[in-house]
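Novice: Whole structure, please, built from the sequences with the hints as guidance.
Protein chains: 2
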Amino acid sequence: MEEEGDYGYDEEDAGVIIMPGEEPEIPEIKYEYLDHTADVQLHSWGKDLKESFEQVGTAMFGYMTTDYDSVQMKRVHEIQADGDDLESLLFHFLDEFLFLFSAEPCIIPRVIEITEFDLDNFHITAKGYGEPFEIGKHPQGTEVKAITYSAMQILDQKPEHDIFVVIDI
Amino acid sequence: MEEEGDYGYDEEDAGVIIMPGEEPEIPEIKYEYLDHTADVQLHSWGKDLKESFEQVGTAMFGYMTTDYDSVQMKRVHEIQADGDDLESLLFHFLDEFLFLFSAEPCIIPRVIEITEFDLDNFHITAKGYGEPFEIGKHPQGTEVKAITYSAMQILDQKPEHDIFVVIDI
Numbered sequence: 001m002e003e004e005g006d007y008g009y010d011e012e013d014a015g016v017i018i019m020p021g022e023e024p025e026i027p028e029i030k031y032e033y034l035d036h037t038a039d040v041q042l043h044s045w046g047k048d049l050k051e052s053f054e055q056v057g058t059a060m061f062g063y064m065t066t067d068y069d070s071v072q073m074k075r076v077h078e079i080q081a082d083g084d085d086l087e088s089l090l091f092h093f094l095d096e097f098l099f100l101f102s103a104e105p106c107i108i109p110r111v112i113e114i115t116e117f118d119l120d121n122f123h124i125t126a127k128g129y130g131e132p133f134e135i136g137k138h139p140q141g142t143e144v145k146a147i148t149y150s151a152m153q154i155l156d157q158k159p160e161h162d163i164f165v166v167i168d169i
Numbered sequence: 001m002e003e004e005g006d007y008g009y010d011e012e013d014a015g016v017i018i019m020p021g022e023e024p025e026i027p028e029i030k031y032e033y034l035d036h037t038a039d040v041q042l043h044s045w046g047k048d049l050k051e052s053f054e055q056v057g058t059a060m061f062g063y064m065t066t067d068y069d070s071v072q073m074k075r076v077h078e079i080q081a082d083g084d085d086l087e088s089l090l091f092h093f094l095d096e097f098l099f100l101f102s103a104e105p106c107i108i109p110r111v112i113e114i115t116e117f118d119l120d121n122f123h124i125t126a127k128g129y130g131e132p133f134e135i136g137k138h139p140q141g142t143e144v145k146a147i148t149y150s151a152m153q154i155l156d157q158k159p160e161h162d163i164f165v166v167i168d169i
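Chain order of the listed sequences is P and F. To convert, note that position 138 of the first sequence is 138 in UniProt numbering; the numbers rise steadily by one, no gaps. To convert, note that position 162 of the second sequence is 162 in UniProt numbering; the numbers rise steadily by one, no gaps.
Wrong hints could be hidden among the right ones.
To be verified - Using 30 Å as the maximum straight-line C-alpha spacing, the simulated DSS-like pairs for lysine-lysine come out as follows: (1) P/K158 x P/K74; (2) P/K145 x F/K30; (3) P/K127 x F/K30; (4) P/K74 x P/K50; (5) F/K137 x F/K47; (6) P/K145 x F/K145; (7) F/K127 x F/K158; (8) P/K145 x P/K127; (9) P/K145 x P/K74; (10) P/K158 x F/K30; (11) P/K137 x F/K30; (12) F/K47 x F/K158; (13) P/K127 x P/K50; (14) F/K50 x F/K74; (15) F/K47 x F/K30; (16) F/K158 x P/K50; (17) P/K137 x P/K127; (18) P/K145 x P/K47; (19) P/K137 x P/K47; (20) F/K30 x P/K74; (21) F/K127 x F/K145; (22) F/K74 x F/K145; (23) F/K158 x P/K47; (24) P/K127 x P/K74.
Claimed, not checked - Sample of chain P residues with no beta-carbon within 10 Å of chain F, all distances over it, derived: (25) D84; (26) F101; (27) K137; (28) K145; (29) T148; (30) L155.
Said to hold, decoys possible - Residues on chain F that point at chain P, a partial pick, calculated with CB under 10 Å: (31) D13; (32) G15; (33) H43; (34) E51; (35) V76; (36) D95; (37) A103; (38) I107; (39) R110; (40) E113.
These aren't lab readings, by the way, just hints derived from the structure by calculation. Keep in mind the model is a prediction, meaning the values are calculated, not measured. Where a beta carbon is used, it is the ideal one built from N, C-alpha and C, also for glycine.
Specialist: Below is the structure:
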């Protein structure tokens, strides 16, 4: 009969015991990790498409800090975005906000409010309410590097109006 | 003349000031983050191909903990790997070690030693010196999910003998 001991697994499965002094030498490090690529898909929804746009914008910024509620609304910024169709309008809307984050100072909005949502001319005016991002005050999440068109979906269907966007991180 | 103050940026660039009480309401969360995909490229080198193989194996395990030196060599495990060519031999070599990590108990080798490196029959026998992985003792890094053939390069050229492997994380 095999004994399981306190480990929660068969002692034997842990491998052949190495006696102290019998360990091999640890070799010099001859390896490195090259840049990784990664992406995450944002999914937002709303009672109308405007709300889904606002939500997906905050979803993007919510990824950049592990405590989004640490962001206070002390300043407001306005952005303008134009597109040739719904997809490019969404792309530029997010890209304009992402640009705010790469500016000096780097701005993180906590709330995004679209004040003009013109789907005939594919034009958006929006306000971002937030403050400069500060390491120490805002726990660092993962930096969003770029918006992509990959598998983008804008479903203007009642009652949910879903948006799916893949962002590079 | 503009004043810079203590911020290191133009006060004006921080946006229009929002007075207390004038912040918009924080909306209900209507978004979620869907699974992200990510990969990282391992690059190893050695005085010969055997050393490059050993190094790329430890590179893989070094990614799984943020303090690889916390891994003690208390147990030894032997693996066997076969391939049809150099690329598939490398793939299976790494995959056999990755399997050790998914076993019960989950084993993390600190040193890998190839005892048989047969390039005529594409066969490897190797030992992994390590111990069961324990959260708490070993600071968790990023889990390696799979080995890939993507952009795999095995450069058996003096003096460096480089290996490049992309792993899914």
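Novice: Okay, which hints does this one fail, numbers in order?
Specialist: 1, 5, 15, 16, 19, 23, 36
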